[in-house]
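Once you've looked at the hints, dock chains G, R, A and W with the ligands against the given chain E.
Protein chains in written order, with this note's numbering: chain E, 92 to 331; chain G, 14 to 231; chain R, 23 to 245; chain A, 337 to 580; chain W, 337 to 580.
The set of hints was computed from the structure by calculation and includes no laboratory data.
Don't take each hint at face value.
Heads up, simulated PhoX-like pairs for lysine-lysine below, C-alpha to C-alpha not over 25 angstroms straight-line [to be verified]:
id, chain 1, residue 1, chain 2, residue 2
1, W, LYS470, G, LYS145
2, W, LYS549, W, LYS393
3, R, LYS163, A, LYS448
4, A, LYS442, A, LYS408
5, G, LYS154, W, LYS442
6, E, LYS305, E, LYS316
7, A, LYS559, A, LYS511
8, W, LYS457, W, LYS494
9, W, LYS494, G, LYS58
10, W, LYS442, G, LYS58
So the chains spell out like this:
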Amino acid sequence: QTTEEIKARGSINIGMLVDFPPFGIINEQGNPDGYDADVAKLLAEDLGVTANIVPVTGPNRIPYLISNQVDVLVASLGITEERAKQVAFSQPYAGIEIFVVGDVNVGVDDAAGLSGKNVGVARASTQDTAITEIAPDDAKIQRFDDDAAAVQALISGQVPLIGASNTVIAQIQKVAPGRFEPKFSLRQQSQAIAARPGADEFMAYINDFLTRKKESGELNAIHEKWLDAPLPEFVAKTAK
Amino acid sequence: MIRPFGINEFLFILFAVQWTLALSVVAFTGGAVGGLLIALARVSKVAPLRYAALGFIRLFQGTPLLMQLFLVFFGLNIFGVGINPWLAAAIALTLHASVFLGEIWRGCIQAVPVGQSEASWALGLRYYDRMKSIVLPQAAKIAVAPTVGFLVQLIKGTSLASIIGFVEMTRAGQIINNATFDPFTVFGLVAALYFILCWPLSILARRMERRFAVATRR
Amino acid sequence: MGYEFNFAPVFANFDHLLAGTWMTIQLSFGAMLLGTVVAIVCAVGKTAGPAPLRWAVDTYVEIIRNTPFLIQIFFIFFALPAVGIRMTPNVAALVALTVNVGAYATEIIRAGIESIHRGQVEAGIALGLRRGQIFRYIIMKPALRTIYPALTSQFIYLMLTSSVVSVISATDLAAAGNDIQSRTFAAFEVYIVITAIYFLLSIGFSGLFALVQRRAFNYPLSR
Amino acid sequence: MPAVQMEGVDKWYDKFHALKNIDLEVARGEKIVICGPSGSGKSTLIRCINQLESVQKGRIFVDGIELTAGPKNVEQVRRDVGMVFQQFNLFPHMTVLENCTLAPVKVRGASKAEAETTARKYLERVHIPEQAEKYPAQLSGGQQQRVAIARALCMNPKIMLFDEPTSALDPEMVKEVLDTMIDLAEEGMTMLVVTHEMGFARQVADRVIFMDKGEIVETGNPKEFFANPRHERTRNFLGQISGH
Amino acid sequence: MPAVQMEGVDKWYDKFHALKNIDLEVARGEKIVICGPSGSGKSTLIRCINQLESVQKGRIFVDGIELTAGPKNVEQVRRDVGMVFQQFNLFPHMTVLENCTLAPVKVRGASKAEAETTARKYLERVHIPEQAEKYPAQLSGGQQQRVAIARALCMNPKIMLFDEPTSALDPEMVKEVLDTMIDLAEEGMTMLVVTHEMGFARQVADRVIFMDKGEIVETGNPKEFFANPRHERTRNFLGQISGH
Ligand SMILES: Nc1ncnc2c1ncn2[C@@H]1O[C@H](COP(=O)(O)OP(=O)(O)OP(=O)(O)O)[C@@H](O)[C@H]1O
Ligand SMILES: Nc1ncnc2c1ncn2[C@@H]1O[C@H](COP(=O)(O)OP(=O)(O)OP(=O)(O)O)[C@@H](O)[C@H]1O
Ligand SMILES: [Mg+2]
Ligand SMILES: [Mg+2]
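For reference, chain E alone in the conformation it holds in the complex (with noise of 0.2 angstroms):
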């Protein structure tokens, strides 16, 4: 993969969440958007060609990249040291922090705490992963497809304790207002946009694209936009 063969085709065929608020979602249009949109038609943009974005799910993102159906994905994909096995990573250009959610009522404030408890993730995703590090042996991790299934169970109390990004817990204090807090904060979490291995060249303008919207304060808007806070400490420092 090039970006002299993008540029000859024209488009680029950019994989992205559509259910993961706000970094993917579909519009009152119908259309996919959110901030990971706005980044992907960003680097079209940058490339001069036109963006197709091709929704994909959390579990089956990597399966796209790498079987050719995307060149690219701009997926909210958190940089871990396992996936870095099956694909490329940009420097940081978004963020979250997160957390071990849970009710009120149930007494936790560190990883020993889950001991014996269940805690809901969705399957794959960041939160999934380091919770599956650091629990103990005797906590029982439920893996649902997604992060509205994971609050779906703790808000109807099938689990007192997920493990949920920043954002998502926003969400969850605007639809069940007081009945659950964070209780711990997992890790931070820098998301990168990955492409297959291998293509270094092409890896390069991409790190090369983010250095610049970066300095040029663009990319810094959009999660303004969306996140209604600027980019975090983390991710805002420019990579080589």
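Only chains G, R, A and W with the ligands this time, still in chain E's reference frame:
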């Protein structure tokens, strides 16, 4: 970012019906062709053809449609056969529908009395004319009811195509649910839409079955 | 395309897959037995019950048969807690599968009951047997024999349908596959292996059904 | 006390008037043959005696018990009335022995051993003791019908009803079933038999009843009935039968 | 050259030896009636002549063409051999006329108009020209069987095979079909007829063949065959038929 379930959300799900329908049409068309071939192979005089068809049926009736879709879509791409979701869905759903329709239709062909084939042989009719003019027209009458019945199964089955990126009704519901966190409205609506689509077909199938049962009892 | 198949991570987690397989077997088997019981009760209700019961059975059967299983399981897991019925994911999966197969099997078993010649029932009545006894001793076995092929293929279909229960975090074979896949990213290898396992399961179940048929329905039929 | 007594019985199937004001008394030990054209109500008549059909008017007594008075009596009476059908109606999933022991065990509460002893006794009497372990499908039509007779006898009935017991049989099997019925008649069983086997009627019937259009048109002892039918309709009917 | 010639033909259904060393020569224009008990192989024998059943041993020639030599010959022969079945086997979804024209058009390549003319001619000959536009289900059994005969004749066969053409008919319809067959015989058609209608055999058969257990037991002209059967088995069989 979370928003209430409103008219736009309703319309988004409603419009997704077109993909459910489109997938169903593709699956049914492909399945009709494949099913006919499989049914003919199953009643063939050529033993290897019969066994091949049987093996094919065992394989595709013995594995989940979900896995078939996944393997066709991602698998073929891995082997460098570029394939778009439409083609992948068409292939997987066609295979799925072919084996089920094939078995249904085989039963219908075998329900045509042997005497009909024997009379055709005795008149010197060859395979093509025998099938086209004698056996299939009679089998078709029997086949209508169970075929419509299977169509209901197929329509519901297309919901699995969401795994390869189709935003049909079920997936549309999931997406809207992620934006509204109002699962009962969303999935209630989705269920109602499927019901509206499928129920008339179910009733039609049952009516025809009954009519046929009455017609053959005498 | 240079994708290199690597089955090592799949086999490294094989115990996990086996646990999922065992759960799929339990779910399928449990739903078959419970679903058959539900279906027999509903089929009897529909053929011999009072009008409101017949109506209720009809409604149940029609709703289940005309909506996708995915939606049904979602309701059972997420909506029932609102009315105080809370189940673990695996139990909810079992209930959803039972409710689903129960509706299909109701129609099948009803057809079986109706296929029994009226004279059989009359012979039972003439011998002084009561309604329940007639059903239990005279109708049931020949009816089940008639519809056994339809019923068992519905069961195989049920087993394959159970691959959807992972959406409510039940720990069946498909869920085990998804978990391994999300940890190792060996998506194709995982799917190939679990597809093969499903295939073996359906062959196994078919064999079992054939065995049961030979044992349970071994009486001869007149031509 | 008569074995069966019908007083002014009327029966409708929806609008169709199937039995019209039937009066009939059957003494104990009496053998009655009922004949008549198809659709005349013969089956309906005998099916009313064990309430396979309920009647809308009139009263029916069996062995002094009023059938038409309530469901409790019906249960009681059914145990005492054996019935043999045209189509045998054996239970295909049970062996001959199981066919014969089911009702005694489940209805009379007999032990399995007792019931089997009785069953074997009656199978002997209908001359097929060696078929006890077979399934109905493995027997000829004549053998099946004799099993059906034995099955009814196992309940020790006081009255036996037969609805065209030989008309579904191949000709060579009719005789063996009729012989069994003749044996039974000679032992003094009360019997009502719908049949067109006029040889049988001549040999065993105490009375022959001719029905047409839901009515009992004529009744008499077989001798005068055959030699000298009083009614036009009876004559026509007998003409057809013998020409057959 | 004989119309049909069978030399040392043996046929097995799996293990079951259905035809045993059959030798038979049928001259042109000859009419042969085949009879024998059920299961004796009569149907099997005539079904071999148009290869609805294939044989394992021996040779069969029809009009000089060796059937057993390959599939090409089979196709050729089937056109020249008409067959009428016990169950008529008319095509229920086609009118009488369509039933009669299908094969001439598809197999002989006749034009539709030609085929219809021929069909109407033969329907006339079997005395039902007015039924041409009806469907089989609208006809009586006897009419259906005559359509089946006309359908076969439309292919201009050199030989006609009949497998119990009247045994599925109500008695009052048997005669009309037999009359049609007698007409045909008088016109000189070569015919092999499996039937138990001994009156027909007496009237038209040149030879009567008696089969039992897969063998041709006896063959002779009808007169001596009925008056003077040589074999015990034949005598028994004829006794049963006439007693029937
Ligand atoms: N369940 C039913 N519903 C409506 N009509 C019925 C029913 N059973 C019998 N009939 C009608 O009642 C009349 C008497 O029937 P029944 O069976 O008693 O006649 P039958 O004398 O036994 O005749 P057959 O010799 O044909 O057995 C017939 O006209 C029949 O059509
Ligand atoms: N397809 C078959 N498979 C196995 N056995 C067969 C088959 N067809 C016929 N038979 C057996 O071959 C024997 C001869 O059959 P065939 O039909 O020729 O007898 P038939 O003389 O025509 O008798 P019928 O008078 O009953 O028609 C019978 O015993 C029959 O059971
Ligand atoms: Mg009757
Ligand atoms: Mg025959």
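Q) Within a Cα-Cα threshold of 25 angstroms, do LYS442 (chain A) and LYS408 (chain A) meet the stated pairing? A) Given pair LYS442 (chain A), LYS408 (chain A) holds - Cα atoms ~17 angstroms apart, limit 25 angstroms.
Q.
Tell me if the straight-line CA distance from LYS457 (chain W) to LYS494 (chain W) falls inside 25 angstroms.
A. The given pair, whose Cα atoms are some 17 angstroms apart, holds under the 25 angstroms limit.
Q | Hint consistency between LYS163 (chain R) and LYS448 (chain A) [alpha-carbon to alpha-carbon, up to 25 angstroms] | A | Holds, at roughly 21 angstroms.
Q: Quickly compare the C-alpha distance for LYS559 (chain A) and LYS511 (chain A) to 25 angstroms and report which way the hint goes.
A: holds, 22 angstroms
**Q.** Given hint LYS442 (chain W) paired with LYS154 (chain G) - CA-CA distance at most 25 angstroms
**A.** Cα-Cα ~23 angstroms, so holds.
Q.
For a C-alpha distance cap of 25 angstroms, please report whether LYS549 (chain W) and LYS393 (chain W) respect it.
A. OK: LYS549 (chain W) and LYS393 (chain W) at ~17 angstroms, within 25 angstroms.
**Q.** 25 angstroms limit on alpha-carbon distance, applied to hinted pair LYS494 (chain W) and LYS58 (chain G)
**A.** violated, 29 angstroms
Q) Can the restraint linking LYS442 (chain W) and LYS58 (chain G) be considered satisfied, given a maximum Cα separation of 25 angstroms? A) holds, 22 angstroms
(Q) Please verify whether LYS470 (chain W) and LYS145 (chain G) have alpha carbons no more than 25 angstroms apart. (A) Status holds; Cα separation ~21 angstroms.
(Q) Checking one constraint from the list: CA of LYS305 (chain E) to CA of LYS316 (chain E), max 25 angstroms. Satisfied? (A) holds, 15 angstroms
Hint compliance for this structure: hint 9 alone is broken.
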